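Visitor: Model the placement of chain S on the given structure of chain Y, informed by the hints.
Residue numbers (this note's numbering), protein chains in the order written: chain Y, 1 to 552; chain S, 1 to 552.
Wrong hints could be hidden among the right ones.
One copy or two, it doesn't matter: identical chains are merged, so the pair holds either way.
[Stated by the list, open to error] Taking lysine-lysine pairs in the BS3-like style, the calculated list, with each CA pair at most 27 Å apart, reads:
1. LYS471 x LYS398
2. LYS536 x LYS398
3. LYS398 x LYS295
4. LYS295 x LYS155
5. LYS523 x LYS536
Think of the hints as simulated: they come from the structure by calculation, not from any bench. Computed from a prediction, not measured in an experiment: that's the story for all the values here.
2 protein chains.
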Amino acid sequence: MRVALAQLNFTVGDLEANTDRILQCAREANDQGADLTVFPELSICGYPPLDLVTTAGFRDANESQLRRLARESASLDTALVVGYCGEAGESGKAANCLACLDQGGIVFRQSKLLLPTYDVFDEARYFRAGEQTAVWEFRGRRIGLTICEDAWNDKQFWERSRYSTDPVEELARQGIDLLVNISASPYHVGRRGFRLAMFKAMAARHHMPVALVNQVGGNDQLIFDGSSFAVDGSGTLRARALSFAEDVVCWEPGSARQAPQDTWSEESAAGDTDAVYDALVLGTRDYVRKCGFSKALVGMSGGIDSALTTVIATEALGPGNVTGVAMPGPYSSEGSLIDARGTAEAMGIQFLTIGINSAYRAFEAQLAPAFKGLAPNIAEENLQARLRGTTLMALSNKFQSLVLTTGNKSELAVGYCTIYGDMCGGLAVISDVPKTLAYKLARVANERHPGGIPQSVLDKPPSAELRPDQKDSDSLPPYEVLDPILRLYVEECLSAPEIAERLGHPLEMVREIARMVDRNEYKRQQAAPGLRVTSKAFGMGRRFPIAQRHVR
Amino acid sequence: MRVALAQLNFTVGDLEANTDRILQCAREANDQGADLTVFPELSICGYPPLDLVTTAGFRDANESQLRRLARESASLDTALVVGYCGEAGESGKAANCLACLDQGGIVFRQSKLLLPTYDVFDEARYFRAGEQTAVWEFRGRRIGLTICEDAWNDKQFWERSRYSTDPVEELARQGIDLLVNISASPYHVGRRGFRLAMFKAMAARHHMPVALVNQVGGNDQLIFDGSSFAVDGSGTLRARALSFAEDVVCWEPGSARQAPQDTWSEESAAGDTDAVYDALVLGTRDYVRKCGFSKALVGMSGGIDSALTTVIATEALGPGNVTGVAMPGPYSSEGSLIDARGTAEAMGIQFLTIGINSAYRAFEAQLAPAFKGLAPNIAEENLQARLRGTTLMALSNKFQSLVLTTGNKSELAVGYCTIYGDMCGGLAVISDVPKTLAYKLARVANERHPGGIPQSVLDKPPSAELRPDQKDSDSLPPYEVLDPILRLYVEECLSAPEIAERLGHPLEMVREIARMVDRNEYKRQQAAPGLRVTSKAFGMGRRFPIAQRHVR
Numbered sequence: 001m002r003v004a005l006a007q008l009n010f011t012v013g014d015l016e017a018n019t020d021r022i023l024q025c026a027r028e029a030n031d032q033g034a035d036l037t038v039f040p041e042l043s044i045c046g047y048p049p050l051d052l053v054t055t056a057g058f059r060d061a062n063e064s065q066l067r068r069l070a071r072e073s074a075s076l077d078t079a080l081v082v083g084y085c086g087e088a089g090e091s092g093k094a095a096n097c098l099a100c101l102d103q104g105g106i107v108f109r110q111s112k113l114l115l116p117t118y119d120v121f122d123e124a125r126y127f128r129a130g131e132q133t134a135v136w137e138f139r140g141r142r143i144g145l146t147i148c149e150d151a152w153n154d155k156q157f158w159e160r161s162r163y164s165t166d167p168v169e170e171l172a173r174q175g176i177d178l179l180v181n182i183s184a185s186p187y188h189v190g191r192r193g194f195r196l197a198m199f200k201a202m203a204a205r206h207h208m209p210v211a212l213v214n215q216v217g218g219n220d221q222l223i224f225d226g227s228s229f230a231v232d233g234s235g236t237l238r239a240r241a242l243s244f245a246e247d248v249v250c251w252e253p254g255s256a257r258q259a260p261q262d263t264w265s266e267e268s269a270a271g272d273t274d275a276v277y278d279a280l281v282l283g284t285r286d287y288v289r290k291c292g293f294s295k296a297l298v299g300m301s302g303g304i305d306s307a308l309t310t311v312i313a314t315e316a317l318g319p320g321n322v323t324g325v326a327m328p329g330p331y332s333s334e335g336s337l338i339d340a341r342g343t344a345e346a347m348g349i350q351f352l353t354i355g356i357n358s359a360y361r362a363f364e365a366q367l368a369p370a371f372k373g374l375a376p377n378i379a380e381e382n383l384q385a386r387l388r389g390t391t392l393m394a395l396s397n398k399f400q401s402l403v404l405t406t407g408n409k410s411e412l413a414v415g416y417c418t419i420y421g422d423m424c425g426g427l428a429v430i431s432d433v434p435k436t437l438a439y440k441l442a443r444v445a446n447e448r449h450p451g452g453i454p455q456s457v458l459d460k461p462p463s464a465e466l467r468p469d470q471k472d473s474d475s476l477p478p479y480e481v482l483d484p485i486l487r488l489y490v491e492e493c494l495s496a497p498e499i500a501e502r503l504g505h506p507l508e509m510v511r512e513i514a515r516m517v518d519r520n521e522y523k524r525q526q527a528a529p530g531l532r533v534t535s536k537a538f539g540m541g542r543r544f545p546i547a548q549r550h551v552r
Numbered sequence: 001m002r003v004a005l006a007q008l009n010f011t012v013g014d015l016e017a018n019t020d021r022i023l024q025c026a027r028e029a030n031d032q033g034a035d036l037t038v039f040p041e042l043s044i045c046g047y048p049p050l051d052l053v054t055t056a057g058f059r060d061a062n063e064s065q066l067r068r069l070a071r072e073s074a075s076l077d078t079a080l081v082v083g084y085c086g087e088a089g090e091s092g093k094a095a096n097c098l099a100c101l102d103q104g105g106i107v108f109r110q111s112k113l114l115l116p117t118y119d120v121f122d123e124a125r126y127f128r129a130g131e132q133t134a135v136w137e138f139r140g141r142r143i144g145l146t147i148c149e150d151a152w153n154d155k156q157f158w159e160r161s162r163y164s165t166d167p168v169e170e171l172a173r174q175g176i177d178l179l180v181n182i183s184a185s186p187y188h189v190g191r192r193g194f195r196l197a198m199f200k201a202m203a204a205r206h207h208m209p210v211a212l213v214n215q216v217g218g219n220d221q222l223i224f225d226g227s228s229f230a231v232d233g234s235g236t237l238r239a240r241a242l243s244f245a246e247d248v249v250c251w252e253p254g255s256a257r258q259a260p261q262d263t264w265s266e267e268s269a270a271g272d273t274d275a276v277y278d279a280l281v282l283g284t285r286d287y288v289r290k291c292g293f294s295k296a297l298v299g300m301s302g303g304i305d306s307a308l309t310t311v312i313a314t315e316a317l318g319p320g321n322v323t324g325v326a327m328p329g330p331y332s333s334e335g336s337l338i339d340a341r342g343t344a345e346a347m348g349i350q351f352l353t354i355g356i357n358s359a360y361r362a363f364e365a366q367l368a369p370a371f372k373g374l375a376p377n378i379a380e381e382n383l384q385a386r387l388r389g390t391t392l393m394a395l396s397n398k399f400q401s402l403v404l405t406t407g408n409k410s411e412l413a414v415g416y417c418t419i420y421g422d423m424c425g426g427l428a429v430i431s432d433v434p435k436t437l438a439y440k441l442a443r444v445a446n447e448r449h450p451g452g453i454p455q456s457v458l459d460k461p462p463s464a465e466l467r468p469d470q471k472d473s474d475s476l477p478p479y480e481v482l483d484p485i486l487r488l489y490v491e492e493c494l495s496a497p498e499i500a501e502r503l504g505h506p507l508e509m510v511r512e513i514a515r516m517v518d519r520n521e522y523k524r525q526q527a528a529p530g531l532r533v534t535s536k537a538f539g540m541g542r543r544f545p546i547a548q549r550h551v552r
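The following block holds chain Y by itself, in its conformation from the complex:
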């Protein structure tokens, strides 16, 4: 039996186009002799469909596209496994389903049993859980079919069980020749290797071959890396699809053909950084295009964050579609303008210089009566950032070009950013990238686009340039100190005393950083959607109250 793992990039809600794409791909796999072509979780509707699932028309459209797919694939020799949003049950909730299509018929259906409801996942909001697994008998083989989380509760692999049942174990008990898992499993650092290691252990434990087919592509904050694979019953990798690109690979369970080298299970730090870079390129491209834009604008300060964002955007959209805008103000250095222009020239993009000094003076005059007798403070600093944001948005409105924000995760965490200023934009490209990781990504960027991030940008100390001789380190600890604290507080959810002890820092210093994180929740709730690349990004997967008093 020949199985095609068909890892496609879907647009949420574009049911007809997604189904067309599935059909096209099924025909190609058929030509390559596939007996079974497997598509990802919720392939017909894309993932995550969110509240679209609560509307009857959306669910009905899923079912009718599924029927069309069955009809229009009837002449193919390959059978299809596809994911779709099923009808609402008595509770009013839909089911997250897969269907097997063969010779024009819908021959098997299975609902997802384990519904992830944590971090970025809200499946209990949308779906009712399936009640039991069943084996699909297909051309003399017994196939176990699971959907994503169904395979993530192996009690020999996890210290703690989230759920009381293990659908994989139940299927193995029923006796199967092959386990298939269709997924919409988003990327974050290290996830590819982890996922593969988990499935290898599962295959070896149950002595059965396993194929996982994952979505690929960006949908709002989530980036699906693809990275589909198949392992044999001893847990050896036998087939592997690309990461961060569509791909279809064929695999014959039982064949001893070698897969490309198995690098993810021992991912190097350098490989991880490359993957983050690729993820951001894909996430940027898909967000811009799936929103119906082709062009993007980046405000270029001459600092590393905006240079990195510019390089990523240019790789994602092409140099003809990106415009960099330098907006020098009263405290901008000449070097910053030179550095910004350096990136633009290296990337071959349009570059505009629009100074904000006259607008700043107009505002000073306009506010003078109200501000009389008061010393300059954060108000004047933020004003400069907001005049820049307003400039970018005017260009965006005039040229139908999406503004990309350039803030990193460290800044967003502690609120070292101006709401309605440098936070203006449709997508926050590196808002889940800690500053120290931004430097590593800059090296990847420069390998691929020499000169994209000038050496002087990497050498100078970070500064917002909103008052004379300002440096980030005036207000914050060095990023090498800050980032590990933020990682433990935001990603690991540790308390300030635990972090102080683990890292050997004074409690008061850690507590002050924790307070900054908590106090700035209001800014993050109005931030542009940001691409997720860590295990815990700000955004849909992290939900804290604004008006709250708990000190962690």
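Guide: Leaving out everything else, chain S in the frame of chain Y:
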């Protein structure tokens, strides 16, 4: 037996202060002879605690405050029923619990069985469900204890069951003398009457008296109305607490004392409008204060939305704490400035006039090279709104005053608002108020604050005044037509064809409005938190993808 229904206003995460407040109130109820004092759901930690629940320190602090509460209330004759966040179980999820404290001991605990996971509720994300109900034997009575949703699955009341079990029915089957429900049930239009009617039916069906104790106060987007009550075993109202204010009422099950008139079960439209007004005042006051602010700023255009927001803010915070800011621009009319000043004078608040013309001209000049040869369009209109937003934020930064945004729900739905412009602010006071409801609220406002909203504001056609002679009706259908369409699309989740048929409108017109709603999701995801007063507000309870293509 004398039961005190203690409806308090808690701050999320302020566990020690909340517990102090519970203790103080228990002592007062004790002095009034209460045998049992009942507090709302999650009273120790406030509702909704969101991701705070996922941190071990938060759960531990709940338990230690609960133990302190038991110790420090040991000398009271009254027993206490309180809600708290319980410890994490094997799955890693906490429990939404209640505890009964008597004579210094924690004598009974019960976990919530039904976990709402829809609209604004994410309880399956945070909590594991309790497995069974038990009867609490207290001083010779059998008391059934339930937590909010536990009492919302009566299959004789609802057409559809969300859950397979009905804890109230199970308790009734075990035989109880009294049912207690502790709630954090947020307000929306008509909710008070609905809730009461449901509990009356339940009490009458099972022939048992029922007491419901609800939280009161605003927490971010949610406003809890309080409105606690007790009904006897025939379903007759016997005790009732205030709406939108803290209150403690005592009730003796079995006593035939009459309650204040039962108005909610047949709420009039006028009464509902009063309630929305009260809800917005409470929500504004609590958000501003619980965020640590005392002062607020409102940009006053001379239109009804900003006038209404100003009146609400002044009632919430006091005239000394509110500043109105008029920011006339190139297309502002003289009448608008007069109207804005009229509201400010009627309300007795500080009023600033800061024109944006010189800043606008500076921007025109700064953008002239980039905009050369291009006609004025939305870019110049939005620019004016953004210069106003930037002005307000400068004042906010300088005077530590929270900006209140003034946009209504109709505008936010169709995107008739400027992101980073009039959408700037910490709280969107009327963002869940459709424009037609804003006119009704203006009448309530004027009854309470004569002249607060000048007659000319009510009479003139709505305009954003961002280009010469602009009217809202140039771009949108009249609000009397628009609002019912939006209600069906946003609140009822109907499709465009269903709405066109129900209201007798051309499909293409409804579809265009639906498209505007969908296309502007990106703005709403960066909007300030808005106070929820309808059954479906934009914000935490409505989650649609931005980059998506489904046409409803």
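Visitor: Compare the structure with each hint and give your call.
Guide: Here is how each hint holds up against the structure:
In this assembly of identical chains, LYS471 and LYS398 lie within 27 Å of each other by CA distance solely across copies; the values are 22 Å between and 34 Å within a copy. Proximity of LYS536 to LYS398 under the C-alpha cut-off of 27 Å is found in neither arrangement, the shortest distances being 36 Å within a copy and 34 Å between copies. Taking the shortest alpha-carbon separations for LYS398 and LYS295, only the intra-copy value of 12 Å comes in at or below 27 Å, while the best inter-copy value is 36 Å. Taking the closest pair of Cα atoms, LYS295 and LYS155 never come within 27 Å of each other, the shortest separation being 48 Å inside a single copy and 54 Å across copies.
In this homomeric assembly, LYS523 and LYS536 come within 27 Å of each other (Cα to Cα) both inside a single copy, at 17 Å, and across copies, at 24 Å.
When the structure is compared with the earlier hints, violations turn up for hints 2, 4 and for no others.
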